[in-house]
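J.: Residues per chain, in single letters:
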Amino acid sequence: MGDYQFHWIIVYQALPQMLKGTFVTLHVSLLSMFLGIIIAVFLSLGKMSETRILNIIPNIWIEIARNTPALFQIYMAYFGLGAFGIHLSPYVSVLSALVFINAGYLAETFRGGFQSIPSTQLIASRSLGMTRIKAYRYVVLPQMFRRVYHPMTNQFVWSILMSSLGILVGMGELSGETQRLQSLSFRTLEFFMVAAVLYYVVTKSVLLCSELISKKIFTGDI
Amino acid sequence: MIQVQGLHKSFGNLKVLKGIDLEVQKGEVVSVIGGSGSGKSTLLYCINAIEKIQKGKILVDGIDAHDKKTDKNKLRQKLGMVFQQWNSFPHLTVLENVTLAPRVVLGQTTKQAEDLAKQYLDHVGLGDKYDEYPTRMSGGQQQRLAIARTLAMKPSYMLLDEVTSALDPELVGEVLDTLRLLRKEGMTMICVTHEMAFAKEVSDRIAFVEKGIIEEIGDAHQVIENPANEKTQRFLSKVL
Ligand SMILES: Nc1ncnc2c1ncn2[C@@H]1O[C@H](COP(=O)(O)OP(=O)(O)OP(=O)(O)O)[C@@H](O)[C@H]1O
Ligand SMILES: [Mg+2]
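Going down the list, the protein sequences come from chains A and B. First residue of the first sequence: 2, per our numbering; consecutive thereafter. First residue of the second sequence: 7, per our numbering; consecutive thereafter.
Hints may contain errors.
Subject to a maximum C-alpha distance of 20 Å in a straight line, what follows is the list of computed EDC-like cross-link-like pairs (lysine to aspartate or glutamate) [claimed, not checked]:
#, chain 1, residue 1, chain 2, residue 2
1, A, K216, B, E138
2, A, K135, B, D77
3, B, K237, B, D27
4, B, K160, B, D128
5, B, K135, B, E120
6, B, K21, B, E34
7, B, K80, B, D70
8, B, K124, B, D183
9, B, K24, B, E57
10, B, K58, A, E51
11, B, K84, B, D70
12, A, K217, B, D137
13, B, K135, B, D183
14, B, K84, B, E191
15, A, K217, B, E138
16, A, K216, B, D137
17, B, K63, B, D27
18, B, K58, B, D27
Don't read these hints as lab results, they were simulated from the structure. Since this is a predicted model, take the numbers as computed values, not measurements.
Assemble the whole structure, with the sequences as input and the hints as a guide.
T.: Rendered as structure tokens:
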């Protein structure tokens, strides 16, 4: 105890690779958010639909996504599907697991957002001759996205942190890359401390950017 | 011309309209009066095909509003509707509120739509509010915005559902003035209203509705001053 010698130079030399891992982390979580948001819009609309058949898939999706561990999703995608002869790369496994979970969580968030918009907004739009799709596109969705913007940002941060589970399937994101690098030198503590700092910087930057973006695009009141 | 023939409408078991016949000529202003829950709003929603009907027919310029083959969106472009709650789009500026439908429904360019929107906004007295957000305006201003937004679609008819009844008393006048202006320009209107004096002033005819039936319809002055139907008399004695 107390006589651990820190050797930072190795970590310093490996920094470019760690930054590359950071980029992969950001990449996979950003993409998982993008796809997750699109799917979540349809899941939440399906769940709210009065046509029973359209409730089925959203219900099952949301239940599983919200009530099973992320680890399980990633294992299912990587090893589970392998049993059926579907071999996904580590990147695609982690991506699809994150998309699955993001869509499930965001669907419920979006449902709350949709329900907080008075139905008269839709009626007013339709009375101006807009089709249902146009009314959603120009009137309902923009307002819904404002209301769920902050929970959406939180989901993004969650995705960044959860993508670290990529370490389990040998994905080259920040955690996986850190794991590989430290195993070459056994400077475990140094590598993971730097990784923690990088995660912190990334999530803080994301929060800051999303704040700036919201100021830029959300003019006016809700 | 708007023709309502033998219209029946119910919500589940609740019969709301029980055989409405009404004809509104081009250029005419018809007010609909009656107690709460008598089905006045529902009538407008049926004309606009926002609500489905069970029986009867509604023809707008001869087009069957509830025929499956009728393009409801096209139909609604002809029928401008203004609601009791003005329903401004809170995420858009005043100008954008007005240009949205002309752009995305009629395919106007932003420039075209803006030029036109400015004309209508000036017309309803909002010429200094283009870049304001509706939620920062008074109810009267938001209601005039709703009227401008509807006019920008160049409707042939206006359906107005108690457009002043959610307003503070001191704001009612400015909205009524806007409607007077429309009347003067020859806009065809069906006004559901609680403002009897206003109805008498601007309408050609007034229809009194009770329990889903038009109990009396006739010349505006006659219906208010000299109602023939006992039920109209009873209603008016309560509200006047
Ligand atoms: N979407 C709906 N579902 C079920 N019932 C409805 C619906 N809309 C209206 N009703 C019922 O239909 C009846 C007529 O309603 P409507 O809104 O047309 O009355 P109104 O004459 O406009 O009344 P008010 O003067 O209060 O606005 C009421 O009993 C109302 O509760
Ligand atoms: Mg009403």
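J.: Next, verify each hint and record whether it holds.
T.: Hints and how they fare:
Restraint check for K216(A) and E138(B): the C-alpha separation of about 17 Å stays at or below 20 Å, so the hint holds. Note on K135(A) and D77(B): the hinted pairing holds, with a Cα-Cα distance of about 15 Å set against a maximum of 20 Å. Simply put, K237(B) and D27(B) have alpha-carbon atoms about 18 Å apart, close enough for the 20 Å limit, and the pair holds. With a C-alpha separation of about 16 Å, the suggested pairing of K160(B) with D128(B) holds against the 20 Å cut-off.
Between the alpha carbons of K135(B) and E120(B) the distance comes to roughly 13 Å, so the proposed pair stays at or under 20 Å and holds. Under the criterion of a C-alpha separation no larger than 20 Å, the hint pairing K21(B) with E34(B) is inconsistent with the structure, at around 29 Å. The straight-line distance between the Cα atoms of K80(B) and D70(B) is roughly 12 Å, inside the 20 Å bound, and the hint therefore holds. At most 20 Å may separate the alpha-carbon atoms for a hinted pair to count; K124(B) and D183(B) meet this at roughly 19 Å.
The suggested pairing of K24(B) with E57(B) holds, with an alpha-carbon distance near 15 Å, which does not exceed 20 Å. Distance restraint check for K58(B) and E51(A): the Cα-Cα separation of roughly 16 Å lies within the 20 Å cut-off, and the hinted pair is therefore satisfied. As the CA atoms of K84(B) and D70(B) are separated by approximately 13 Å, the hinted pair is consistent with the 20 Å bound. Between K217(A) and D137(B), the direct Cα distance comes to roughly 16 Å. Compliance with the 20 Å bound is thereby established for this hinted pair.
Distance hint between K135(B) and D183(B) is fulfilled; the C-alpha atoms sit about 18 Å from each other, no more than 20 Å. Proximity of K84(B) to E191(B) is assessed by CA-CA distance (about 17 Å); at most 20 Å being required, the pair is judged to hold. Distance check on the hinted pair: K217(A) and E138(B) sit about 17 Å apart at the alpha-carbon level, within 20 Å; holds. A hinted pair counts as satisfied when its Cα atoms are at most 20 Å apart, and K216(A) with D137(B) qualifies at roughly 17 Å.
Distance check on the hinted pair: K63(B) and D27(B) sit about 9 Å apart at the alpha-carbon level, within 20 Å; holds. Restraint check for K58(B) and D27(B): satisfied, since their Cα atoms lie roughly 17 Å apart, inside the 20 Å limit.
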